[in-house]
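Undergrad: If you read the sequences in order, they're chains B and D.
Heads up, the first sequence is in this note's numbering, so the first residue is 6 and it goes up one at a time.
Heads up, the second sequence is in this note's numbering, so the first residue is 13 and it goes up one at a time.
Among the hints, erroneous ones may be present.
What the hints assert, rightly or not - Only part of the chain D face toward chain B is listed, based on derived beta-carbon distances under 7 Å:
1. A36
2. P96
3. V107
4. D110
Quick caveat, the hints were computed from the structure, so don't treat them as lab data.
Predicted model, so just to flag it, every value in this text is computed and none were measured.
Virtual Cβ for every residue (Gly too), placed ideally from N, Cα, C.
Here is what each chain is made of, one letter per residue.
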Amino acid sequence: MPKTPTSQSKSANAETVAFRGGGFAPRPIGLVGAMVFVFLIAFWEWGSRVGWISQLVLPAPSEAFAAFQELVVSGLLWKHVSASVTRLVTGWISGTVLGLLVGLSIGLFSLARAGLVPLVSAMFPIPKIAMLPLFIIWFGIGEGSKVATILFGTFFPTIITVYGGVDNVDRNLIRMGQSFGLTWFSIVRKIIIPGALPAILSGARISASIAIILLVAAEMIGAEFGIGAYILLAGSLMATDQLIAGVALLSMLGLTVGWLIGKAEKYFLNWRA
Amino acid sequence: MDLRLEGISHNYGSLKVLEGINLAIEHGKILCVVGPSGCGKSTLLRLIGGLERPSAGQVMQIGEAPSDSLNPLTYIFQDFALLPWRTVAGNVNLVLEDQKLSRQRRKDILENVLERTKLSDFADALPRQLSGGMKQRVAIARALAVSPAVFLMDEPLSALDSQTRELLIEDLVDLWTREPFTAVYVTHNLAEAVRLGHSVAVFSRRPGQIRQVVKIGTPLADRKVTDPELIDRQDYLWRLMKDEALAADLELSDA
Ligand SMILES: Nc1ncnc2c1ncn2[C@@H]1O[C@H](COP(=O)(O)OP(=O)(O)OP(=O)(O)O)[C@@H](O)[C@H]1O
Ligand SMILES: [Mg+2]
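In isolation and in its complexed conformation, chain D is listed as follows:
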């Protein structure tokens, strides 16, 4: 299943947030979205997942979602969005309880995703007992549980310290290598974008428009922090963004 954004524009009242976005989200690939603060990246993600309606244009789904996908468009949020009153297993179960599944199937899914995210030993822990990195792994497990066709990730690692972030990047690369998934990955962090993106869409400042989509050919598993080609790409992205970021920084936020 692919997604295609066709001429998406969006405004909040008189505030133009996005303008004329055309973008293809390809099956089995990670598309990173970078852009200055406030350019509408989170808004775009909400539009893609159907949490909000675009003012103009449409999000098209091309092809059927795989039949085993319980929730084709699934988010992973920056603030994890775990229910503090539910255990790790309870949080994962939350998204399965409304599905028509046998008790055994539910149990299998739970065990499988906890194992894939290395959380099996923490099934009964409450969110407050977990570190930030662990919480985000729970959120990833919860997302995996519904076998999404497309992951929509809004700065999933930006609430974490840099070591944890590095570990989770490796986890994500690992997950992808074992079983390629489709994702739109919004981030502020260009290093993250070049580590995880098959392509990187660079947005201009508000109203957000696509400046360029940069392809990165190196297979995910082979990308190293010190890879000169990646550093080169990252540098290129930064030069694309720098002026926009500077200008965006000087704008009043309630404009």
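Excised from the complex, chain B in its bound form:
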């Protein structure tokens, strides 16, 4: 038999080298995420219908959905959501803007760094919920205290991500800017801020989640409208279907915020490939 390459590779002491690379590279897979949701909800609905899950323990998704429809029909949905979103947006934006300013000064000025970093480290871990009674005294039981809770809750993490981002800007780029005689202001605006933007945006993701958590907590005290108030009321009436509807509303809010930040990342960081 002639010795062709194939016959050679089948000979006794020749083997294909085993493949051992690959993996460790997560890639996006389309609908899987949505399918997990659908499957879980279907399973839950089925469990409730069969009587596997008692109504007392957990209302069926369909009931929660009915409660949600009631909200829509009565027009209360809009009132609750708009009250919450207004607080969320005012609190988060003001916290983020202030955090950006303070974080940038810490990143740029030695004096600000020396003076403020210890203070920030001391204040960051304080749960802002614990401060709520004080905020009520300072800013009133109305919108003030609620916005303040969210503001302070987002302010500190923003400071930390911003100055971390500024510290990580490639020093060679800054050196380059100086060597071309760019003004200080230009260097900050055109090199430092865009360089810190990836860190700032991932910080925004975290601070937005913190803001939602704080929003609900703050709305549980002295609020007439708001998703938190709705959930609290449902809870105290043991209206678990409404409670689930409220919680679902929160997670939709979270998803929306996450999606918006994702859009912002795509838009601002398109240079990152």
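Take the given structure of chain B and dock chain D with the ligands to it, following the hints.
TA: The following block gives chain D with the ligands in isolation, referenced to the frame of chain B:
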């Protein structure tokens, strides 16, 4: 405009990096600086361009910079230092935006330098889409945009593969032949030094001192890779450097 380094010494804390450097940088000529790793070549370049202050001695500018020069001392960096979030045109524009120029003038400069570096078709590309050689051409375009009196180049080609390097050497020779510029060109690569340098300053190991300044007479445009005279010069430079390089290699870097 010429530059003269007078008795430059520099140290970082107790680490003596440069000692007693006297050197003339002549108008319209390329001065190559070679020396073992860590002998202070990059430091010297930072001192020349005013990014750092020498511990002793001074860098003197002789004569006025040409009036059309927007940034007389201009660097080209080893790592290109391009802003990844700006396009090729944006990166060049960056250094023009702070200058008092009319919109039209800015546009003209941009077009001119992109054309000189053969980048006109890539004005809207982002750095991540470009090869290393292209990135360095963008950096060269950016430097040309401010019409420097002196280019300060710190191993501009050492991050590139040898074919790209060869192409860029030809580009630089071309640019120089069309319009002679002044440059201090730091390199590790002796072949590069003999291709581009009108003179080559050989540094000793740290603390860096000048061992010799070797002149090379052949006009830049006539230098070929295989030119026996250049090979001879290169060999001579290598013999000057060899012992220093060996000794420098054996030193602990955090000494
Ligand atoms: N900012 C700094 N602070 C302290 N030491 C420094 C600093 N910059 C450089 N050095 C030290 O000074 C010495 C000279 O550094 P320099 O970068 O100038 O050398 P070089 O000749 O450019 O080396 P290479 O050939 O590796 O680029 C090195 O030992 C380096 O560790
Ligand atoms: Mg160096």
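Undergrad: Give a verdict on every hint.
TA: These are the hints, each one checked on the structure:
With a least beta-carbon distance of about 22 Å to chain B, the hint placing D:A36 at the interface is violated under the 7 Å criterion. Because the smallest distance between the Cβ of D:P96 and any Cβ of chain B comes to about 5 Å, under 7 Å, the interface hint for this residue holds. For D:V107, the interface hint holds, since its Cβ comes within 7 Å of a Cβ in chain B; the closest pair sits about 4 Å apart. The interface hint given for D:D110 is met, as the beta carbon of that residue sits about 5 Å from the closest beta carbon of chain B, less than 7 Å.
Of the numbered hints stated above, the single one contradicted by the structure is hint 1.
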